[in-house]
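Chemist: Protein chains in written order, with the numbering used here: chain A, -11 to 146; chain B, -11 to 146; chain C, -11 to 146; chain D, -11 to 146; chain E, -11 to 146; chain F, -11 to 146.
Misleading hints may appear alongside valid ones.
If you only want the chain D side, here are some residues facing chain A, beta carbon under 7 Å, derived [what the hints assert, rightly or not]:
{"no.": "1", "residue": "59"}
{"no.": "2", "residue": "86"}
{"no.": "3", "residue": "92"}
{"no.": "4", "residue": "144"}
No more than 25 Å apart at the CA atoms, straight line, and that leaves these computed lysine to aspartate or glutamate pairs for DMTMM-like [unchecked claim]:
{"no.": "5", "chain 1": "B", "residue 1": "88", "chain 2": "A", "residue 2": "63"}
{"no.": "6", "chain 1": "E", "residue 1": "88", "chain 2": "F", "residue 2": "135"}
{"no.": "7", "chain 1": "B", "residue 1": "18", "chain 2": "A", "residue 2": "17"}
{"no.": "8", "chain 1": "F", "residue 1": "88", "chain 2": "D", "residue 2": "37"}
{"no.": "9", "chain 1": "A", "residue 1": "88", "chain 2": "F", "residue 2": "55"}
{"no.": "10", "chain 1": "E", "residue 1": "144", "chain 2": "A", "residue 2": "17"}
FYI, nobody ran anything at the bench for these hints, they're computed from the structure. Ideal placement from N, C-alpha and C gives every residue a C-beta, glycine not left out.
6 protein chains.
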Amino acid sequence: MKIAVYPGSFDPITFGHIDIIERAVTLFDKVIVTVSQNFEKTPWFTAAERCEMIKDSVSGLANCEVDHFKGLLVDYVSRMHGTAIIRGLRALSDFEFEFKMALMNRSLAEDITTVFMMPHARYTHVSSSLVREVAGLGGDVSMLVPDHVARMLKKKLA
Amino acid sequence: MKIAVYPGSFDPITFGHIDIIERAVTLFDKVIVTVSQNFEKTPWFTAAERCEMIKDSVSGLANCEVDHFKGLLVDYVSRMHGTAIIRGLRALSDFEFEFKMALMNRSLAEDITTVFMMPHARYTHVSSSLVREVAGLGGDVSMLVPDHVARMLKKKLA
Amino acid sequence: MKIAVYPGSFDPITFGHIDIIERAVTLFDKVIVTVSQNFEKTPWFTAAERCEMIKDSVSGLANCEVDHFKGLLVDYVSRMHGTAIIRGLRALSDFEFEFKMALMNRSLAEDITTVFMMPHARYTHVSSSLVREVAGLGGDVSMLVPDHVARMLKKKLA
Amino acid sequence: MKIAVYPGSFDPITFGHIDIIERAVTLFDKVIVTVSQNFEKTPWFTAAERCEMIKDSVSGLANCEVDHFKGLLVDYVSRMHGTAIIRGLRALSDFEFEFKMALMNRSLAEDITTVFMMPHARYTHVSSSLVREVAGLGGDVSMLVPDHVARMLKKKLA
Amino acid sequence: MKIAVYPGSFDPITFGHIDIIERAVTLFDKVIVTVSQNFEKTPWFTAAERCEMIKDSVSGLANCEVDHFKGLLVDYVSRMHGTAIIRGLRALSDFEFEFKMALMNRSLAEDITTVFMMPHARYTHVSSSLVREVAGLGGDVSMLVPDHVARMLKKKLA
Amino acid sequence: MKIAVYPGSFDPITFGHIDIIERAVTLFDKVIVTVSQNFEKTPWFTAAERCEMIKDSVSGLANCEVDHFKGLLVDYVSRMHGTAIIRGLRALSDFEFEFKMALMNRSLAEDITTVFMMPHARYTHVSSSLVREVAGLGGDVSMLVPDHVARMLKKKLA
């Protein structure tokens, strides 16, 4: 069984992430979407809230699991018996950072492969930080995130 | 069975390509390496020669097949019952072109997904055109291609 | 009256170009879409054919004219009493080339300003060369160009 | 009357910004330079100080107004009856961010168009953050900002 | 005597930096590796600790000195009678920032030239921030930094 | 004695190249400007003409020699006892290509180092191909190349 891990902050999950997940589940036998812990930035949503929003977004996908983790990504992927790390590439600036991380992770774990996927053109500009900025300024996020996420954003801002 | 197609000119196959193939076969049940026809550029090697060099390079990989094709890539992938197109990303300039092709192919065939993989850092600068240039100027290509390819290059230049 | 010139090869015009034109006519009093002559590449379509296809695409826009020119762009823009050159930016690789051309044109004619516009996200991957490639391989171009252009491509390939 | 809005932090205004403004006023009937509020970063100068420095820099331009705003940019532009948002592009890194914002703003307000302009080559490296850094280290900023801005920087640092 | 200055945060020094230094000493009569002070970010290591780690890394190089400085880089280089500033370029994102800084420094001191060098391909992904992140997550940094630096990281994290 | 080699097509030499050379001679004891042979493209000017134009441009620089070569660059640099290859970087697109060539040359000759220099901001957009294009369209090239080169261009076009 081929297992792929899709790590990220998902703060919050967007239509761009969901597009990646819906395609990943057609390529791998199991896809684990996992919320990573980032020491530097304080997230808007707790890890529990973020997992909840992901679960609500992928409930229709049989071979998709939701999790969260601490520590080195490659150690987590090994524990999960994963062979692939999935990363989304929307833009050039993603590329540089992702390129370095992929080389780094390969040097740490030669048997785990990073594969990159691109979301649909209509989600090129969609990112969690944009969602937070638009929501924070009182803009409409209904084209960026599912309704249940939009509601969570409103609650958080209230 | 998950089938992935890895298309390219492979004029000739390099260690960078081989690195991608060796990792792809761990992620998919079958990987078809396929030589594409490019109308604009005249290749150094015929499609038959290029297939031969690929076969010699991947002979140890059980779930890897070698083929060539004409016409639209997505039509070929459909005929082969593939769900994934594999593309290597070495550098930023690759990214732009590949990004456009991935969006294009998705608009032509929504059920086929392009996945990108990066070769090892030591192959970042290796490309078929560089191999041809170095070989053409009498340089040593032993760090860029397998021995059997180096011999083919010498023969072609003689 | 503010006049803007939108130069290009338009070989052939695509939905991406049309999107730019439809927005440009809301910003300027007159927009001249002009087919440039390129010494290096032989176009698929003659200048007359390309102008014809553009005219058919913008017939609904009152303040849009179609033309073609030879020689330096800035000389042409001066003759037309234009103050702006419009260029589309779809991707990073466009940016580099366009950046150089804008600086060059400014050094040749200080009173003419290049303004850049981005087509809709759904046209990010659409270019004339892609249209020619897909059409040449027998693919469907109905999402890339208007029907009358698709028919011209078929005729040209027949 | 065609109205364009040029938003930014202008913390402080530089010769690069002024170059953009001086060209924008030749393309549009009215240009509103507007100081945006950024929640994440604390500016060096207050919104009032920044507006004052902009006014002193554009006093010779009849069709240029200076303002500041809170909330979503597209809402502000609509209130001002603007049809264009002007953004400067100095470098590739600008491009990525600006590309996303332009797509985002278009998805929020289809009738407002972002146009990009490039400052003169001699201002390619000039940014407000560079001005602050050089000033903070005691360097000479006379080639980067007008005299009245240089004086404000000295006062702020004293 | 041609003197080159290699400034940086070196927080901490990595194999990538050391690769640059080992090549720079073959090109210039003297190379001064100098720790710069960065107002915005708090470093993990003090300037003294960073100098110590650099000294331990370059002890075998006769024409290499280690120093630290405050204020404008070009002023420091002038005081040291340097004619060149050395900067490493690993990736595209470096390029943009470095390009601006090189133009800026040239405008501040016309007689000082910035030269760029690229580390070996195997260090493309190595940066001080990556070292800190991997060390912070308990990963193995032995392929990224010398042993004495790895020990310092462990001590700092304890 | 530190010898640096500055290879290129120089078809023709521009103010951008000359700016690089004038700075390189302050960093190295001898700089050899050398015209490379490119199999793929037919140059406008013969190697002899290109050398002549370079010589006329650098006649005032005591430690600068002009030459031409065939074959692998690193072999030529070794024969000339050079330790450095100088390359100009004007833009991002240069970077990608130059990055690959630098890695390649390092893998072919570990003891030769590529150093990159940036021309003055006012020459960012200047390239030999732009000079040929502007001259070919009858534009003024006096801001791009020295007078003696402008005369050669006119003669060639006559």
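Chemist: Please write out, lowest number first, the hints stated earlier that are contradicted by the structure.
Modeler: 2, 4, 5, 6, 8, 9 and 10
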